[in-house]
Amino acid sequence: MHREIFERLEDVLSGTPTDLVAKHLNDCGDCRDQISAMTAQAKLVQQLKPPSQVDPRPGFYARVLERIEAEGPVSIWNLFVESAFGRRIALASFALAMLLGIYVVTAERAAAPIVASQAAIQACSGANCAAPAGSSAGHGVGQASTVSMVAGEDAPGAVLSRLDEEAPNDDMLVNLVTYREQ
Amino acid sequence: MDHRNSEEADLVRRVQARDEIAFREIVDRYQSKVFSIIFGILRNRNDAEDIAQQVFAKIYFSIRSFDFRSSLLTWIYKITVNECYDYLRKKRVRKLVYESDFSEDDAQRMEASEPAIDGHVPIDTRLAQRDLIIKLLGKLSEEDRSLMLLKEVEGHSVEELAQMTGLNENTIKVKLFRTRQKLLKAATRLTHAKGLMRS
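Note that the protein sequences, when read in sequence, are chains A and B. The opening residue of the first sequence carries number 1 in this note's numbering; numbering runs sequentially from there. The opening residue of the second sequence carries number 183 in this note's numbering; numbering runs sequentially from there.
If you are wondering where the hints come from, they were derived from the structure by calculation, not from laboratory data. Take the hints with a grain of salt, since some may be wrong.
[Unchecked claim] EDC-like cross-link-like pairs, simulated, lysine to aspartate or glutamate; straight-line CA separation at most 16 Å:
1. A:Lys49 <-> B:Glu336
2. B:Lys260 <-> B:Glu324
3. B:Lys260 <-> B:Asp326
4. B:Lys357 <-> A:Glu71
5. B:Lys355 <-> A:Glu7
6. B:Lys215 <-> A:Asp55
7. B:Lys355 <-> A:Glu108
8. B:Lys240 <-> A:Glu71
So that you can see chain B by itself, here it is in the shape it has in the complex:
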């Protein structure tokens, strides 16, 4: 799919020419998406707001480097996920939820708002699982991490991912397979390391 000849490409070109109205349109179009991605990873409104602002500032400053090889959403998605991981790294947050930031009310609200993937799993276990998967995803490259999240969190099919990224379907399949294997290996190593620390 050619990402150069679309309505979105025209919008990007206008932003590249520093058209403020076009930039506002991009913010309006993607702010909910960006905010949801960040909130899905961090589960903290204030942090999500701060990082979302940072994401759009980054988009504004670096949109001239956007080369139309992928869709704009894919590019924005990658920036958003990278900003989340930068935030986690900078703050040295290894646990997703830290004591000062997570009250009893938050826990109840989160309990009520969590998607019903495993409704019977207690909140503590779910938090630990989220912490684990964020750590594991942190072991991947930026590209692999975005691809995995686009597949599993956003629910895109292999065909859609191929269109979005400009790669062919077989490449996407191979990349996803390798990423899944890397995650399994990282999980094994992490479990092994934790076992060593406990013993």
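This is chain A alone, in the form it adopts within the complex:
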């Protein structure tokens, strides 16, 4: 749209174009088309004019007061319910919370076998799993085992597993009894 029309657009749309504008519209098809479309559109918007002055039913103020009493002060949470932006924020927050929840649950599940295996390693090291049968000296991590060991004795778990594999000898049984007494 050309400047001379743009500057007088509202006058043109309200049906009071100057001679200069009328001449331009006569010559410029592009401006003429735009003005024609905007005029039709303005007429459409004007259909929203109320037919005449309309009033609410008598007692309107009392009903407004009732409404105010019923509603109370506007809550901050209404922001998240009533506006489109607020609803999007609420939805995004909910999605984020869900993702975090899923992450925490899956991370805990993944961590559980690691913790179990660490405990097993500690127990195993304390019992000198890797050491040859009859050996009593702890190595590495196993030396910090939670099970208090008497030097030269096997942990009960190791003893029992060895009982499954071979016939018990006197040393094994003595170790087991000593451990239980402790």
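Knowing the structure of chain A, use the given hints to seat chain B on it.
Below, chain B alone, put in the same frame as chain A:
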């Protein structure tokens, strides 16, 4: 124009201080206007009554945020139009008139009461046109929508709009021009989409 130093500004300050009498005065002063705006958009008395009550409740609760940059009427007008669109959105009403709410009597009454813009246009066409323009206005921002309605429905001039909104006249002209262009584009898109749906 300074909206801080007027009789209306004093009234607003009294309402902000929770003066019930001042609030009643605002309701008395603007209830017809608010009701007419809503009725013009929705054409349903019961809905207009309900939304008008909601508008004044909103005015009561949020008048402390009124900053005197615009006139009180402009502020109330914006709230009213927004409440109408909130209502339409909440009810998922895409058509202005829905079957259960519009009887033959209503049609005749509306036919008789419509302003004589296009008297020869049949009622169905007028309803479809109103439906279309409400949809198109729904594509605009709250500010642009209010400005367009104040210009075309209320018939305010650019000078009056500048005074009412506290913006300068050139800004109003540019805003109106852009709004009109947005409406044309939205109408083109909507027509195109309808054409695609039919084909």
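Outcome of the hint check:
1. The hinted pair formed by A:Lys49 and B:Glu336 meets the criterion: a straight-line CA distance of about 8 Å does not exceed 16 Å.
2. Between B:Lys260 and B:Glu324 the alpha-carbon distance is near 7 Å, which keeps this suggested pair within the 16 Å criterion.
3. For the proposed pair B:Lys260 and B:Asp326, the alpha carbon gap of about 10 Å is at most 16 Å, so the pair holds.
4. The straight-line distance between the Cα atoms of B:Lys357 and A:Glu71 is roughly 36 Å, outside the 16 Å bound, and the hint therefore fails.
5. Restraint check for B:Lys355 and A:Glu7: satisfied, since their Cα atoms lie roughly 8 Å apart, inside the 16 Å limit.
6. Note on B:Lys215 and A:Asp55: the hinted pairing holds, with a Cα-Cα distance of about 8 Å set against a maximum of 16 Å.
7. At roughly 61 Å between alpha-carbon atoms, B:Lys355 and A:Glu108 are farther apart than 16 Å, so this suggested pair is violated.
8. Proposed proximity of B:Lys240 and A:Glu71 is supported: the alpha carbons are some 10 Å apart, at most 16 Å.
Of the hints listed earlier, those the structure fails to meet are numbers 4 and 7, in rising order.
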